[in-house]
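Required output: the full structure, derived from the provided sequences and hints.
Residue numbers (my numbering), protein chains in the order written: chain A, 1 to 638; chain B, 1 to 302.
Hints are supplied without guarantee of correctness; some may be wrong.
Have a look at the derived ranges for each label pair, beta carbon to beta carbon [as the list claims (entries may be wrong)]:
1) A:THR379 x B:SER108: 28 to 34 Å
2) A:PHE57 x B:ARG230: 29 to 35 Å
3) B:ASP159 x A:MET491: 51 to 57 Å
4) B:GLY157 x A:ALA329: 45 to 51 Å
5) A:PHE424 x B:GLU266: 53 to 59 Å
6) B:ASP86 x A:LEU507: 56 to 62 Å
The list that follows gives simulated cross-link-like pairs (lysine-lysine, DSSO-like), each with its CA atoms no further than 27 Å apart [stated by the list, open to error]:
7) B:LYS161 x B:LYS49
8) A:LYS66 x B:LYS120
9) B:LYS295 x A:LYS66
10) A:LYS66 x A:LYS54
11) B:LYS295 x A:LYS110
12) A:LYS581 x A:LYS593
Hints were generated in silico from the structure; no laboratory data involved. Cβ atoms here follow ideal geometry from the backbone N, Cα and C, with glycine treated the same way.
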Amino acid sequence: MTELFNPSRPVLAEQPAAALFGELEDKGILRFLTCGSVDDGKSTLIGRLLYDTKRLFEDQLATLEKDSRRFGTVGDDIDLALLVDGLEAEREQGITIDVAYRFFATEKRKFIVADTPGHEQYTRNMATGASTADLAVLLIDARKGILTQTRRHATIAALLGIRHVVLAINKIDLVGYDEETYARIVAQFDADADHYGFATRVAIPLSARFGDNVTAPSPSMAWYRGPTLLQHLETLELAPAAERPFRFPVQWVNRPDLTFRGYAGTIASGAVRPGDDVVVARTGQPARVERIVTHDGDLAVAGADLAVTLTLDREIDVSRGDVLVPADARPEVSDQVAAHLIWMAEAPMLPGRPYLMKIGTRVVGAAVTELKHLVEVETFKPLAAKTLGLNDIGFANLSLAEPIAFDPYEANRATGAFILIDRFTNQTVAAGMIRFGLRRATNIHRQALDIDKQARAGAKGQRPGILWFTGLSGAGKSTIANLVEKRLHLMGRHTYLLDGDNVRHGLNRDLGFTDADRVENIRRVAETAKLFVDAGLIVLVSFISPFRSERQMARDLVEAGEFIEIFVDTPLAVAEERDVKGLYKKAREGQIKNFTGIDSPYEAPVTPDIHLDTTAHDSEALADQIVDYLTGNGYLPG
Amino acid sequence: MSLSALPHLRRLEAEAIFIMREVVASFDNPVMLYSIGKDSSVMLHLAMKAFYPARPPFALLHVDTTWKFREMIAFRDQTVRRLGLDLRVHTNPEGRAAGINPFDHGSSNYTQVMKTEALKQALDAGGYDAAFGGARRDEEKSRAKERIFSFRSANHGWDPKNQRPELWSLYNTRIKPGESIRVFPLSNWTELDIWQYILAENIPIVPLYFSAERPVVQRNGQWIMADDARMRLLPGEVPQPRRVRFRTLGCYPLTAAVESDAETLEDIVREMFLATTSERQGRLIDHDESGSMEKKKREGYF
Chain A
1 MTELFNPSRP VLAEQPAAAL FGELEDKGIL RFLTCGSVDD GKSTLIGRLL YDTKRLFEDQ
61 LATLEKDSRR FGTVGDDIDL ALLVDGLEAE REQGITIDVA YRFFATEKRK FIVADTPGHE
121 QYTRNMATGA STADLAVLLI DARKGILTQT RRHATIAALL GIRHVVLAIN KIDLVGYDEE
181 TYARIVAQFD ADADHYGFAT RVAIPLSARF GDNVTAPSPS MAWYRGPTLL QHLETLELAP
241 AAERPFRFPV QWVNRPDLTF RGYAGTIASG AVRPGDDVVV ARTGQPARVE RIVTHDGDLA
301 VAGADLAVTL TLDREIDVSR GDVLVPADAR PEVSDQVAAH LIWMAEAPML PGRPYLMKIG
361 TRVVGAAVTE LKHLVEVETF KPLAAKTLGL NDIGFANLSL AEPIAFDPYE ANRATGAFIL
421 IDRFTNQTVA AGMIRFGLRR ATNIHRQALD IDKQARAGAK GQRPGILWFT GLSGAGKSTI
481 ANLVEKRLHL MGRHTYLLDG DNVRHGLNRD LGFTDADRVE NIRRVAETAK LFVDAGLIVL
541 VSFISPFRSE RQMARDLVEA GEFIEIFVDT PLAVAEERDV KGLYKKAREG QIKNFTGIDS
601 PYEAPVTPDI HLDTTAHDSE ALADQIVDYL TGNGYLPG
Chain B
1 MSLSALPHLR RLEAEAIFIM REVVASFDNP VMLYSIGKDS SVMLHLAMKA FYPARPPFAL
61 LHVDTTWKFR EMIAFRDQTV RRLGLDLRVH TNPEGRAAGI NPFDHGSSNY TQVMKTEALK
121 QALDAGGYDA AFGGARRDEE KSRAKERIFS FRSANHGWDP KNQRPELWSL YNTRIKPGES
181 IRVFPLSNWT ELDIWQYILA ENIPIVPLYF SAERPVVQRN GQWIMADDAR MRLLPGEVPQ
241 PRRVRFRTLG CYPLTAAVES DAETLEDIVR EMFLATTSER QGRLIDHDES GSMEKKKREG
301 YF
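So this is what it looks like as structure tokens:
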């Protein structure tokens, strides 16, 4: 076994009571992550730190020795990476898949370290670890220098607001402890330093495997005069958080009985005292803080990161997701923002697709309206792009279903960070950092009109709504829609039919058949249908509309009961057999790309309002089924 | 020593309270797994704080294998009475009928039937969409990899290779019917943090954590306590009184004691600074093989 450096374990048994809490110096806690490309030694470095700071117990060491013999990748030596690579798949493959959180302490400071994966495939797990870190230890294999993945991790760390970086130039033993190699890599990194904008950058040549410059100075590198990694981590001064205004995202309304109504939450920044004047950021409603309630008694003042419950001096409308702020230092309120996005899902980002945004304790509908550019990590040149794929970084405008209160991310992480969630898979698909609000929204006010939808529909003696026909190409949507419209017309009802093919000849002639264009196609049709509903009409929309998300978007645009989803259910084999327009044949021959059902998915409705089985009934009978539904549900009074 | 002088513990406390409130605000039917040990005691104490002046708006669930130390059950009932909480206890009825026990059926089968299967039964029966657990990341390597809001399929399975990204403190609480989330408010606490917090807040714990003379036998180098008459003694084994305590509590035939003179919380914290073995050393089921915890967790174990 390699000889390992062993500082003595701190012995506190004889110290006074305060020492039982180990809060010996007020350096506080340091959260950092190890990142960098695959195989650069991140897990080994953390294993080394744990080992050398004596954070390992005898039974853990025994397990480590056993595991090293079984899975080890370093011959007969202890494989320190096995201390952190805790998943079976990781041990079998010798790689890190997900972030591991480890804890250690020295006499000077406590540390939480996130060991993050280097593979590009698992970049989202690196971002998870980076989002809560104060410092990034960026590992670089001295033999390979700075790689694309090194730059990607540096870029993500910088975007997430990490201020301090350590260049850990690892495996220095494999280049003969060569000073020139070290200097060349540092210069290579510094050439891009302006793009990252880190506040501090310390470069340390080290060997995680043998321990050089990790916790003890290396005897093999007399030329290096800087600190060891541990010395630097122990002594780095974190600038105290700048004085920031009070922000209190309301998490939960506490109403145990009629006499108490409190707003529970964690103070995101600033401080609060009883008597302070606050407003609800979203509505501007004012109130005064009455009490700061905790289980340990009321507080006279409460600062950032404390979990408290506030009571106000009057009854105002406050619910989960609202932010209480000082009347004289309010955040921005807007439904249009510009933000950096780190895309984390296999399914690409599609402009216009409705996602859910979680910001603070608020969840609100959100869509990307415009992808301004892609951030490219080799040259940092902004690239034009239509979508974001897995692990892409982009800068985009987002439009929200309702206005939100926020601060720019650099001013306040807690009120400027968000995630995007897919409405159907519930996956977290992106991390976002708001850079600024867009003025556009605050200046375009909606014009209030005196004659409204009810008035117009009333004049026609009908209840307006959208009959949304979805189904495969050739399922029979247009045929049935056409029959239904004829019958409604005979009944004296005022209708309009929007047909997929027809609209593509006019309004949507600029759109193709990529996923992004399909989403935009549906968005425009849904908005158009909404205008017709507003005019009091019964609108028939006949579109393949293959994605659940977009049908949901259309449903969300209008009021409850105004959207009737009709699933024209024809199995693919039957539609292909009919092949009225000869399109399936062309698609099978590869002449048409992105054809629904062939090489582009169709997501069938799970609970359509009307389900039409075209294999069991003819079109006339199915049209009857729809008219019966409309009559039965009060759309056609009288 | 007041918490206001202990910024590190204060921060951990605030984080745990935030997590608990997030669950109550976002889920319809949460439940708190209560295993009676020190971590559960801390978690329950934090829940009392998080919702004050209201009571925690969820029930406690104890999966009783019928092989817990008697003092644990007494402490459980007394705690629930003292705090006025709603406790639900579940034992796997098939396991009980078949007389599954750690002596005849092996620790691994026994754990599967009386803990993992029992837990799944109880979660299904209650229709819980979120369940709090007191696990900490510093306990074990696969726990160190787990999210604070850890997604479970409708079969309670954990897919460690495909966890949701979890950035900042923006927890994704969205699930489909039948799916659930396991929530770990103590993820970032270490064993030392737990003991320091218990000391600072003077939280009641099961007396088995303190040293006393107890009847034990030595088996494979471990001290096992004969807690009741069901203890199977091997030929030649005679329980002898020894000054021992427990660093971790579970089913008595599977939980080893350590020799110790620590009679107070201060003594325990001092002992922690000198400890040379991990707390899991005393949990016999974790030694089956490397990676055994991950396997159990994928099958639905907490």
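The hints, checked one at a time:
1. A:THR379 x B:SER108: 28 to 34 Å: Taking Cβ atoms as reference, THR379 (chain A) and SER108 (chain B) lie about 55 Å apart, which means the hint is violated.
2. A:PHE57 x B:ARG230: 29 to 35 Å: holds, 32 Å
3. B:ASP159 x A:MET491: 51 to 57 Å: holds, 54 Å
4. B:GLY157 x A:ALA329: 45 to 51 Å: At roughly 48 Å between Cβ atoms, ALA329 (chain A) and GLY157 (chain B) fall inside 45 to 51 Å, so the hint holds.
5. A:PHE424 x B:GLU266: 53 to 59 Å: With a Cβ separation near 54 Å, PHE424 (chain A) and GLU266 (chain B) satisfy 53 to 59 Å, so the hint holds.
6. B:ASP86 x A:LEU507: 56 to 62 Å: Given range 56 to 62 Å: holds, Cβ gap about 59 Å.
7. B:LYS161 x B:LYS49: violated, 35 Å
8. A:LYS66 x B:LYS120: Status violated; Cα separation ~33 Å.
9. B:LYS295 x A:LYS66: Given that 27 Å is the threshold and the Cα spacing comes to 19 Å, the pair holds.
10. A:LYS66 x A:LYS54: Between LYS66 (chain A) and LYS54 (chain A) the Cα gap is close to 19 Å, so the pair holds against 27 Å.
11. B:LYS295 x A:LYS110: violated, 31 Å
12. A:LYS581 x A:LYS593: Satisfied, since the Cα-Cα distance of roughly 16 Å is no more than 27 Å.
Going down the numbered hints, you'll see the structure goes against 1, 7, 8 and 11, while the others check out.
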